[in-house]
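Fit chain B to the known structure of chain A by using the hints.
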Amino acid sequence: MATISFDLVSPENLVFNDEVGTIIVPGKDGDLGILPGHSKVMSSLRPGRVMVYNEDKSLIKSFFVSGGFAEINPEKCIVLAESVVEVNSLEKTSIEKEIQELENKEGQETEEQLSVAKAKLEAINVNYYDKI
Amino acid sequence: MPSLKDIKTQINSVGSTKKITSAMKMVAASKLRRSQEKAEAARPYSSRLEEMLSSLASSAASGEGIIKLLSGTGNDQNYIVVPVSADRGLCGGFNSSINRETFKLVKSLESNGKKVQLMPVGKKSRDFFNRVMKDQIIESFVDLNVSSTGYESALNVSNKLQELYFEGKFDKCILVFNKFKSAISQEVTQQQLIPLDVSNSEKEEEKENSSNAIYDYEPDEETILKDLLPKNVSIQIFKVLLESDAGEQGARMAAMDNATRNAGEMIDSLTLKYNRTRQAFITKELIEIISGAESI
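Those protein sequence lines, which keep their order, are chains A and B.
Numbered by my numbering, the letters in the first sequence go through residues 1 to 132 in order.
Numbered by my numbering, the letters in the second sequence go through residues 1 to 296 in order.
Just so you know, these hints were derived from the structure itself, not from any lab.
The model shown is predicted, which means the values in this text are computed figures rather than measured ones.
Mixed in with the good hints there might be a few duds.
To be verified - So these bits of chain B aren't anywhere near chain A, every CB distance computed over 10 Å:
| # | residue |
| --- | --- |
| 1 | Met24 |
| 2 | Ala42 |
| 3 | Ser46 |
| 4 | Arg100 |
| 5 | Asp197 |
| 6 | Ser234 |
| 7 | Phe281 |
| 8 | Glu285 |
| 9 | Ile289 |
Claimed, not checked - So the derived label-pair ranges between C-beta atoms look like this:
| # | chain 1 | residue 1 | chain 2 | residue 2 | range |
| --- | --- | --- | --- | --- | --- |
| 10 | B | Arg261 | A | Glu111 | 55 to 61 Å |
| 11 | B | Ser108 | A | Glu106 | 42 to 48 Å |
| 12 | A | Gly37 | B | Arg88 | 24 to 30 Å |
| 13 | B | Gly89 | A | Glu55 | 54 to 60 Å |
| 14 | A | Leu121 | B | Ser71 | 48 to 54 Å |
| 15 | B | Glu110 | A | Glu109 | 33 to 39 Å |
| 16 | A | Gln108 | B | Pro219 | 17 to 23 Å |
| 17 | B | Ile184 | A | Glu109 | 40 to 46 Å |
| 18 | B | Ser108 | A | Glu111 | 42 to 48 Å |
| 19 | B | Asn75 | A | Glu111 | 29 to 35 Å |
Unchecked claim - Below, computed lysine to aspartate or glutamate pairings styled on EDC-like, alpha-carbon distance capped at 16 Å:
| # | chain 1 | residue 1 | chain 2 | residue 2 |
| --- | --- | --- | --- | --- |
| 20 | A | Lys40 | B | Glu51 |
| 21 | B | Lys160 | A | Glu109 |
| 22 | A | Lys28 | A | Glu71 |
| 23 | A | Lys28 | B | Asp216 |
| 24 | B | Lys19 | B | Asp257 |
Quick reminder that beta carbons are idealized off the backbone N, C-alpha and C, glycines included.
Extracted from the complex, chain A is given alone in its bound form (with noise of 0.2 Å):
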């Protein structure tokens, strides 16, 4: 089976470069699954999973982002996003526990802060997609 390149960068560093057989990315509209072959697609992402399989659909790596754009072609998919983490790595408590106290702020800041960490804790809790 065709593999497509995908990278996953952030500002600070090249987080995942390599070949892969599927990889699906939170669209702004909906999610995208990305198979090799995939049209020219130019999307800005919301805050959601990254997920990265091999050619036999089993799920390599998943990364949480917080937002950025995919720029997606028959060959090669790249993903810029703002701040990359893996999903494994996240802790749960310490995120309900930075919601709870953006829940008292206010401010449009404290808003989109409190939607990434929100959809942080998503991304620990759900695990559709996790086998396609």
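Here is chain B on its own, set in the frame of chain A:
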């Protein structure tokens, strides 16, 4: 004529200075390696972003709101100049060349009838412009420590800039910074940050794009561009901060290397002087003894 003891103390003090400068050189060298790695790691993101942007830029000619970051305000009257210097000295001409270049730029813009404001980044340029053009500084950023705090530090600068821009405080923003060329050489560079200057990259892109199919955009071009433009400003600043940081370490390494070498030469010449003086004393004493013996 200085006594032997005086020369000896001088040699000792130069020796301890040499120890300090060579230690600083070592520290700068290891920091340089780290900064360079950081700058290199940030490169893929910024180059990707630039590519994306230039393929989008042609589609949005003009507009209101955020698009202004690309199209400009339509005016050319108010400038903001951002000199990026180091927080610490002892790095040769690194800071002074930034300050000199910025000063020249401001003067030449002013002579063309433009209004110029300053937003220095780094202690050394802040202090300099606090002395010479205090009333033109609207904001300054010091102790950013980009190599340890990372992207956050760039966000602070970029948010402030954009806030001012959308308040209509300025039409054009120019960065003055040291571009990292190699470990021993930096080049003072001016870069127009706002409105975005895509003219250079666009030409190359056009060649590539002509053979490529057009992208689908999700949600749509304008929304993406609106997200992309502010991010690009932050990333450009981040890149500049990293380059400047690497340049600073490089400049310090070179400066300290020179200082160490100079101290070595100084010690050599002082030692020579010490030995000559000592010899002169011995000769003098011998003459005294001999002439004393002869007179008896």
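Evaluation of the provided hints:
no.	hint	result
1	Met24	27 Å, holds
2	Ala42	6 Å, violated
3	Ser46	8 Å, violated
4	Arg100	31 Å, holds
5	Asp197	20 Å, holds
6	Ser234	8 Å, violated
7	Phe281	64 Å, holds
8	Glu285	70 Å, holds
9	Ile289	76 Å, holds
10	B:Arg261 with A:Glu111: 55 to 61 Å	58 Å, holds
11	B:Ser108 with A:Glu106: 42 to 48 Å	46 Å, holds
12	A:Gly37 with B:Arg88: 24 to 30 Å	53 Å, violated
13	B:Gly89 with A:Glu55: 54 to 60 Å	56 Å, holds
14	A:Leu121 with B:Ser71: 48 to 54 Å	39 Å, violated
15	B:Glu110 with A:Glu109: 33 to 39 Å	36 Å, holds
16	A:Gln108 with B:Pro219: 17 to 23 Å	21 Å, holds
17	B:Ile184 with A:Glu109: 40 to 46 Å	42 Å, holds
18	B:Ser108 with A:Glu111: 42 to 48 Å	44 Å, holds
19	B:Asn75 with A:Glu111: 29 to 35 Å	33 Å, holds
20	A:Lys40 with B:Glu51	15 Å, holds
21	B:Lys160 with A:Glu109	14 Å, holds
22	A:Lys28 with A:Glu71	13 Å, holds
23	A:Lys28 with B:Asp216	14 Å, holds
24	B:Lys19 with B:Asp257	11 Å, holds
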